[in-house]
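Enquirer: Chains S and L are the protein sequences, given in the same order. Using the working numbering, read the first sequence as starting at 1 and increasing by one per residue. Using the working numbering, read the second sequence as starting at 1 and increasing by one per residue.
Keep in mind the hints are simulated off the structure, nothing from the lab. Worth double-checking, as some hints may not be accurate.
Keeping only pairs whose Cα atoms sit at most 20 Å apart, straight-line, the calculated DMTMM-like set for lysine to aspartate or glutamate is [to be verified]:
id, chain 1, residue 1, chain 2, residue 2
1, S, Lys299, S, Asp148
2, S, Lys101, L, Glu150
3, S, Lys299, S, Glu12
4, L, Lys232, S, Glu151
5, S, Lys119, S, Asp58
6, L, Lys191, S, Asp115
7, L, Lys237, S, Glu151
8, L, Lys237, S, Glu150
9, S, Lys101, L, Glu132
10, S, Lys191, L, Asp190
11, S, Lys119, S, Asp93
12, L, Lys101, L, Asp225
13, S, Lys237, L, Asp225
14, L, Lys162, L, Glu151
15, S, Lys299, S, Asp98
16, S, Lys101, S, Asp58
17, L, Lys119, L, Asp225
18, S, Lys101, L, Glu136
19, L, Lys299, L, Glu12
20, S, Lys299, S, Asp225
21, S, Lys101, S, Asp190
22, L, Lys299, L, Asp93
23, L, Lys162, L, Asp148
24, L, Lys101, S, Glu151
25, S, Lys232, L, Asp225
26, L, Lys119, L, Asp86
27, L, Lys101, S, Asp98
28, S, Lys101, S, Asp115
29, S, Lys191, S, Asp268
30, S, Lys237, L, Glu150
31, S, Lys299, S, Glu136
32, S, Lys237, L, Glu151
33, S, Lys101, L, Glu151
34, S, Lys237, S, Asp225
35, L, Lys237, S, Asp148
36, L, Lys101, S, Glu136
37, S, Lys162, S, Asp148
38, L, Lys101, S, Glu132
39, L, Lys101, L, Glu151
Keep in mind it's a predicted model, so treat the numbers as computed, not measured.
Each chain, letter by letter, is given below.
Number of protein chains: 2
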Amino acid sequence: LAEQWSRNNRYERGTIGRLMEPALAVFGPNTSVGDAIDGLRPIVRSAFITYGYVIDQDGGLVGLFTMRDLLFSDRLTPLAEVMLRDPFTLLADLPLSDAMKRTLNRHFPVYPVTDINGKLLGLVRGSTLFQEEAFEITAQPGAMVGVDAEERIATPLFQSFKFRNPWLLINLVTAFAAGGVVALFQGTVDKLVILATFLPVLAGQSGNTGCQALAVTVRGITLGDIRPGGAKLLVIKEALLGLANGAVTGVLTGIAMYFLATSQNSPDAVLLGVAVCVAMVASCAVSGISGALVPLTLKRLGADPATASSIVVTTATDVASMGLLLGLATLLIR
Amino acid sequence: LAEQWSRNNRYERGTIGRLMEPALAVFGPNTSVGDAIDGLRPIVRSAFITYGYVIDQDGGLVGLFTMRDLLFSDRLTPLAEVMLRDPFTLLADLPLSDAMKRTLNRHFPVYPVTDINGKLLGLVRGSTLFQEEAFEITAQPGAMVGVDAEERIATPLFQSFKFRNPWLLINLVTAFAAGGVVALFQGTVDKLVILATFLPVLAGQSGNTGCQALAVTVRGITLGDIRPGGAKLLVIKEALLGLANGAVTGVLTGIAMYFLATSQNSPDAVLLGVAVCVAMVASCAVSGISGALVPLTLKRLGADPATASSIVVTTATDVASMGLLLGLATLLIR
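Bound conformation, chain S alone (with noise of 0.2 Å):
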């Protein structure tokens, strides 16, 4: 047991060997049945054994037997012969996320781990598994939006403070980069005081189609559903997605705008609702694009790709659904 600690810290946090039990029952190919039952007798009587395992000379891992296989076979057939052969098994230097992926549909009480060469190095329990890994995706919305995964219901007042408080001052600091560029156009909406009503529609709205994306992303991503390749392809789709969405809600949007310059005998009513609705249609797009973009640019930067994901899409959001409409009256409106 000293010997397998040893061994676990070589590996890195965060990867299957930090998890890794020793492997007890071990045993040849050519043992038989009769002599692995005999083996195992003193073993199971201190130790919890689900599977078996028979390893060549060098320490490879040929197969793995189950209890079951060992009752109901002849005592002198060898294990060679009732072993199931190639049985899965992990890598020790394996991140926790990859093997979450590997091992989401599998549900294994137990799995065998080796290095490169398939040599055994021990087994890690499925529960120890899934409690890492139920951990982490419940995490995943509160990551998104800068809570620590550590943080739970239980988590003492000032600590989760500690944990949050540096990510809500980074959303301040990009929640200054929305209110930039409104600043920026002050002169116009100081002229056309009416818009300061529409940003936050625009703003409210793109964020949220955003998030969509984002949330699609992310599960993708965990669930092993993103192909390679498929990452461009995925992209389009949140982009077309956004355009159509921005569509519907962007001619909604201005024909409420043309109605309510009109109330306020607004000259440019016209132009105001097509300026918002080309706005809304353009941010969306952004905004599904930069939904999908982020979390897979974490990922391909090695960080997890929740990580503050939705404070990045949401002040890229801001910015382009706020600048777009600004920008827009600003030219089309003089």
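Starting from the structure of chain S, add chain L where the hints point.
Expert: Frame of chain S, contents of chain L only:
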């Protein structure tokens, strides 16, 4: 098998009863280990047996045994002596989300399913449960912003559009609520156009604060961390966190407002700074409260606590933050 199917169909969708397989390895408590082995021999040829079950004459589950127990016990011992008594079971009418909480840290390969009287009705494989669980948990960030749990990367474009568009239209209605608040104070914005710059800062900041509280609360519900009576404490904690984070960001934003207003030679720079600071503190408190209350309320209503929660929370934070700033400015500065 046909019998099991018709039995399963008596249970509601989304309950454990719907996922049951028949329990085949079932014996009486006085059966000997040897007889159980002989009785299992034909069954294991056609079915994947993990555990055996021991039932009394009324069909009530009294114990569970493993192949290991059979392998290492004397053939004459009755099952009653080798079995694990009172094994962990799931009730057939248990909703999946509750089953998830109970099995999260157990991770058994197979769970026996009973009715309320303890009668054995069937089995549910851990892998079946976990697939449902992983599918459900990874859908949460999407559910918050109106993405259907069925939507995945491979969902065709038009189907994605049909899934997401209704929620975006709902979001549009709520976004107009935020826009309506600004429209209500159009006179104030007209007079103090600098306020328009700070509206997205306040909305973005309190929106993210609210989504942090939301994410932590939804995670707590999923992991079963919220104890009876703990909901009230949670809301208070999030309100205090909102106040604390609002104080930090409010002071910074207030100072930024003061300097910007001074640079524009506004005579009301101090009052504007105070208004922004107070609005930030108060709206972050509202954000924390709504972030915790929305999922708790959805759960109490019997709905998925994540559904559209982010849409509701960001609407509340938009309305609160912009209403507070514009309302305060209207009151303070004449």
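Enquirer: Does each hint fit the structure? Answer for all of them.
Expert: Quick rundown of the hints versus the structure:
no., hint, result
1, S/Lys299 to S/Asp148, "holds (18 Å)"
2, S/Lys101 to L/Glu150, "holds (19 Å)"
3, S/Lys299 to S/Glu12, "holds (19 Å)"
4, L/Lys232 to S/Glu151, "holds (18 Å)"
5, S/Lys119 to S/Asp58, "holds (7 Å)"
6, L/Lys191 to S/Asp115, "violated (70 Å)"
7, L/Lys237 to S/Glu151, "holds (13 Å)"
8, L/Lys237 to S/Glu150, "holds (17 Å)"
9, S/Lys101 to L/Glu132, "holds (15 Å)"
10, S/Lys191 to L/Asp190, "holds (8 Å)"
11, S/Lys119 to S/Asp93, "holds (13 Å)"
12, L/Lys101 to L/Asp225, "holds (9 Å)"
13, S/Lys237 to L/Asp225, "violated (38 Å)"
14, L/Lys162 to L/Glu151, "holds (10 Å)"
15, S/Lys299 to S/Asp98, "holds (12 Å)"
16, S/Lys101 to S/Asp58, "violated (30 Å)"
17, L/Lys119 to L/Asp225, "violated (30 Å)"
18, S/Lys101 to L/Glu136, "holds (15 Å)"
19, L/Lys299 to L/Glu12, "holds (19 Å)"
20, S/Lys299 to S/Asp225, "holds (14 Å)"
21, S/Lys101 to S/Asp190, "violated (53 Å)"
22, L/Lys299 to L/Asp93, "holds (18 Å)"
23, L/Lys162 to L/Asp148, "holds (10 Å)"
24, L/Lys101 to S/Glu151, "holds (18 Å)"
25, S/Lys232 to L/Asp225, "violated (39 Å)"
26, L/Lys119 to L/Asp86, "holds (12 Å)"
27, L/Lys101 to S/Asp98, "violated (24 Å)"
28, S/Lys101 to S/Asp115, "holds (19 Å)"
29, S/Lys191 to S/Asp268, "holds (12 Å)"
30, S/Lys237 to L/Glu150, "holds (17 Å)"
31, S/Lys299 to S/Glu136, "holds (15 Å)"
32, S/Lys237 to L/Glu151, "holds (13 Å)"
33, S/Lys101 to L/Glu151, "holds (18 Å)"
34, S/Lys237 to S/Asp225, "holds (15 Å)"
35, L/Lys237 to S/Asp148, "holds (17 Å)"
36, L/Lys101 to S/Glu136, "holds (15 Å)"
37, S/Lys162 to S/Asp148, "holds (10 Å)"
38, L/Lys101 to S/Glu132, "holds (15 Å)"
39, L/Lys101 to L/Glu151, "violated (24 Å)"
When the structure is compared with the earlier hints, violations turn up for hints 6, 13, 16, 17, 21, 25, 27 and 39 and for no others.
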